[in-house]
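Let the hints inform the model, and build the full structure from the sequences given.
Protein chains: 2
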Amino acid sequence: VENFREFDLIRWIQSQVPADDPLVRVGIGDDAAVVANRDAATLVTTDMLVEGVHFSLAEATPRQVGWKAMACSVSDVAAMGGRASAAVVSCALPRGFGQDNARGLVLGLLECAREFGVRLVGGDVTATGGPLVLNVAMLGDTEGRPPVLRSGARADDALLVTGALGGSRLGSHLRFTPRQAEALALAEGYALHAMIDVSDGLAIDLHHILEESGVGARVEAKRIPISPDAHRAAEQSGRSPLGHALADGEDYELLFTLDDAEAARLLAAPPFETQVTRIGTITASGAILVHPGGGEQPLERRGWEHSL
Amino acid sequence: VENFREFDLIRWIQSQVPADDPLVRVGIGDDAAVVANRDAATLVTTDMLVEGVHFSLAEATPRQVGWKAMACSVSDVAAMGGRASAAVVSCALPRGFGQDNARGLVLGLLECAREFGVRLVGGDVTATGGPLVLNVAMLGDTEGRPPVLRSGARADDALLVTGALGGSRLGSHLRFTPRQAEALALAEGYALHAMIDVSDGLAIDLHHILEESGVGARVEAKRIPISPDAHRAAEQSGRSPLGHALADGEDYELLFTLDDAEAARLLAAPPFETQVTRIGTITASGAILVHPGGGEQPLERRGWEHSL
Numbered sequence: 026v027e028n029f030r031e032f033d034l035i036r037w038i039q040s041q042v043p044a045d046d047p048l049v050r051v052g053i054g055d056d057a058a059v060v061a062n063r064d065a066a067t068l069v070t071t072d073m074l075v076e077g078v079h080f081s082l083a084e085a086t087p088r089q090v091g092w093k094a095m096a097c098s099v100s101d102v103a104a105m106g107g108r109a110s111a112a113v114v115s116c117a118l119p120r121g122f123g124q125d126n127a128r129g130l131v132l133g134l135l136e137c138a139r140e141f142g143v144r145l146v147g148g149d150v151t152a153t154g155g156p157l158v159l160n161v162a163m164l165g166d167t168e169g170r171p172p173v174l175r176s177g178a179r180a181d182d183a184l185l186v187t188g189a190l191g192g193s194r195l196g197s198h199l200r201f202t203p204r205q206a207e208a209l210a211l212a213e214g215y216a217l218h219a220m221i222d223v224s225d226g227l228a229i230d231l232h233h234i235l236e237e238s239g240v241g242a243r244v245e246a247k248r249i250p251i252s253p254d255a256h257r258a259a260e261q262s263g264r265s266p267l268g269h270a271l272a273d274g275e276d277y278e279l280l281f282t283l284d285d286a287e288a289a290r291l292l293a294a295p296p297f298e299t300q301v302t303r304i305g306t307i308t309a310s311g312a313i314l315v316h317p318g319g320g321e322q323p324l325e326r327r328g329w330e331h332s333l
Numbered sequence: 026v027e028n029f030r031e032f033d034l035i036r037w038i039q040s041q042v043p044a045d046d047p048l049v050r051v052g053i054g055d056d057a058a059v060v061a062n063r064d065a066a067t068l069v070t071t072d073m074l075v076e077g078v079h080f081s082l083a084e085a086t087p088r089q090v091g092w093k094a095m096a097c098s099v100s101d102v103a104a105m106g107g108r109a110s111a112a113v114v115s116c117a118l119p120r121g122f123g124q125d126n127a128r129g130l131v132l133g134l135l136e137c138a139r140e141f142g143v144r145l146v147g148g149d150v151t152a153t154g155g156p157l158v159l160n161v162a163m164l165g166d167t168e169g170r171p172p173v174l175r176s177g178a179r180a181d182d183a184l185l186v187t188g189a190l191g192g193s194r195l196g197s198h199l200r201f202t203p204r205q206a207e208a209l210a211l212a213e214g215y216a217l218h219a220m221i222d223v224s225d226g227l228a229i230d231l232h233h234i235l236e237e238s239g240v241g242a243r244v245e246a247k248r249i250p251i252s253p254d255a256h257r258a259a260e261q262s263g264r265s266p267l268g269h270a271l272a273d274g275e276d277y278e279l280l281f282t283l284d285d286a287e288a289a290r291l292l293a294a295p296p297f298e299t300q301v302t303r304i305g306t307i308t309a310s311g312a313i314l315v316h317p318g319g320g321e322q323p324l325e326r327r328g329w330e331h332s333l
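Taken in sequence, the protein lines are chains W and H.
The numbering used here applies: residue 26 is where the first sequence begins, and numbers increase by one.
The numbering used here applies: residue 26 is where the second sequence begins, and numbers increase by one.
These aren't lab readings, by the way, just hints derived from the structure by calculation.
Hints should not be assumed to be uniformly reliable.
As the list claims (entries may be wrong) - Beta-carbon label-pair distances, calculated as ranges:
id: 1; chain 1: H; residue 1: Ser40; chain 2: W; residue 2: Ser262; range: 31 to 41 Å
id: 2; chain 1: H; residue 1: Arg120; chain 2: W; residue 2: Ser310; range: 35 to 45 Å
id: 3; chain 1: W; residue 1: Gly169; chain 2: H; residue 2: Gly196; range: 41 to 51 Å
id: 4; chain 1: H; residue 1: Arg120; chain 2: W; residue 2: Ala83; range: 19 to 29 Å
id: 5; chain 1: W; residue 1: Arg63; chain 2: H; residue 2: Gly263; range: 51 to 61 Å
Glycine is no exception: its CB is placed at the ideal position from the N, C-alpha and C atoms.
Encoded structure:
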């Protein structure tokens with residue numbers, strides 16, 4: 026594995042980034058970037074991926090890892106009803122990682138950035154004696170609209186989710202589509218009350234909404250859209266496909282609430298092709314999973330949480 | 026070492042952060058933070074610290090590490106002539122790091138944030154099988170002024186530096202003062218042409234200015250302010266104090282240029298107590314170190330660069 030130097034990598038990255046973007050007043054290569062504001066406030070989020078925790082280099086190429094890191098942050102901005110604008114990326118590269126792998130990471134980051142209209146405006150590169158670590162901090166804005174928070178759900182709201190859930194660890198966690206287009210169409214066209222992206226798992230992310238909003242929910246098990254990968258994962262694990270859909274996480278779908286009439290209007294003529302499904306109703310308190318036969322059980326707050 | 030959980034730590038962090046800040050429309054706990062814009066553009070920078078590369082937990086407490094991570098990013102924003110406003114922090118905590126150490130990190134981050142007017146608005150916490158990694162992404166603004174770039178130096182400019190340089194590894198890299206107040210006073214009161222913070226080392230950071238500006242410099246060795254720590258480091262290393270001042274890095278002083286008359290006005294009555302010294306002159310090309318006896322040698326581009 027060849028040695029290469031930090032500043033050579035940075036110069037190469039500069040050569041890969043489009044010049045003359047009106048939003049980018051100062052890009053890669055100074056002490057900080059300068060990004061023109063499109064709105065009265067700026068969304069900001071940060072997401073750290075660690076080899077051995079969020080991905081394995083045995084399973085994922087550096088390009089896929091870069092793509093995922095950027096996409097996770099686009100998804101976070103989308104979950105606010107926002108549009109991602111600019112990112113700064115830090116990476117700690119294991120000794121011997123090599124220039125080709127480092128460039129692969131960057132190409133994956135840039136591929137995702139291009140697809141979702143994000144400018145890569147700066148970063149930090151360091152060596153590490155440990156595993157690969159990649160951090161994306163993302164700016165965005167809500168195009169003048171109020172952000173859609175986790176805390177806005179109200180009793181009697183409809184609870185909806187995009188796409189299908191479960192089984193992400195079979196590979197979709199590396200190639201999901203962050204639902205930015207869908208989030209923008211929803212935030213523009215409908216009176217959303219609350220929204221989150223499903224990163225920790227449907228059950229736990231629903232609990233985030235319930236806790237922040239001070240409400241409860243009844244979720245109909247039979248309505249939860251279960252992905253083909255959840256069925257495949259269940260064959261391997263011996264657990265149920267529903268269990269995978271509830272707890273696997275890294276689906277990066279949108280989970281959101283809005284009132285009954287708005288939900289009906291949305292479901293009658295969705296403004297996008299992506300599947301969208303009503304899976305339940307917000308209630309005053311409690312979190313209940315209703316089984317197809319009518320039996321009920323508490324919907325536990327379980328999913329992906331780091332034990333530290 | 027006790028186990029503790031990600032969301033418990035996040036709730037504790039929320040409890041440590043001041044509520045009701047008009048700049049923070051949405052703080053810790055949603056998919057993204059929302060920060061009100063103070064200016065037409067936003068500065069953004071990111072800085073990653075890795076245990077074993079940027080600090081050692083044998084030498085530094087978690088609180089010092091947190092403080093340093095925040096301070097490095099304040100320094101980057103200051104080097105643009107800007108004021109830091111809000112930060113998002115990611116950390117990868119080694120298994121068994123423990124709740125007390127994690128809280129220590131956060132207390133150090135918040136101590137520095139308070140001192141420099143920064144809001145901690147969000148973050149990401151993950152486990153790692155490797156060393157501690159801490160990333161701070163910082164927003165800021167230039168209060169309506171044009172940012173001070175690395176690329177603005179002109180031939181015949183005076184070259185100045187704040188503070189004294191060298192020997193940071195004896196401990197000052199953990200307790201430096203980011204020169205935000207000085208940077209703001211300079212940017213407000215004087216026509217700065219170029220500025221950078223000395224993180225990689227005087228020689229290499231000067232070269233960043235020279236390369237970006239397409240100019241050269243003559244630096245007078247006898248004028249370089251050498252810190253007491255550089256002398257102590259030289260006793261241990263057998264190298265010269267000047268060598269330490271030129272190459273050690275992590276001084277986090279400001280290196281800047283402005284025209285002769287402005288420099289004279291500044292030096293006649295500096296707007297702050299911090300030492301400020303003219304160390305040389307920008308020239309059309311080349312980088313020369315002038316020794317006290319009059320001898321000259323090329324000022325090499327050396328200092329702290331990661332070999333990856």
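Structure-based check of all given hints:
Between Ser40(H) and Ser262(W) the C-beta distance comes to about 38 Å, which sits within the given range of 31 to 41 Å. At about 36 Å, the CB distance of Arg120(H) to Ser310(W) agrees with the hint of 35 to 45 Å. Judged by the Cβ atoms, the range 41 to 51 Å given for Gly169(W) and Gly196(H) holds: they are separated by roughly 49 Å. Remark: the range hint 19 to 29 Å for Arg120(H) to Ala83(W) is upheld by a beta-carbon distance near 20 Å.
Remark: the range hint 51 to 61 Å for Arg63(W) to Gly263(H) is upheld by a beta-carbon distance near 55 Å.
The structure shown violates none of the earlier numbered hints.
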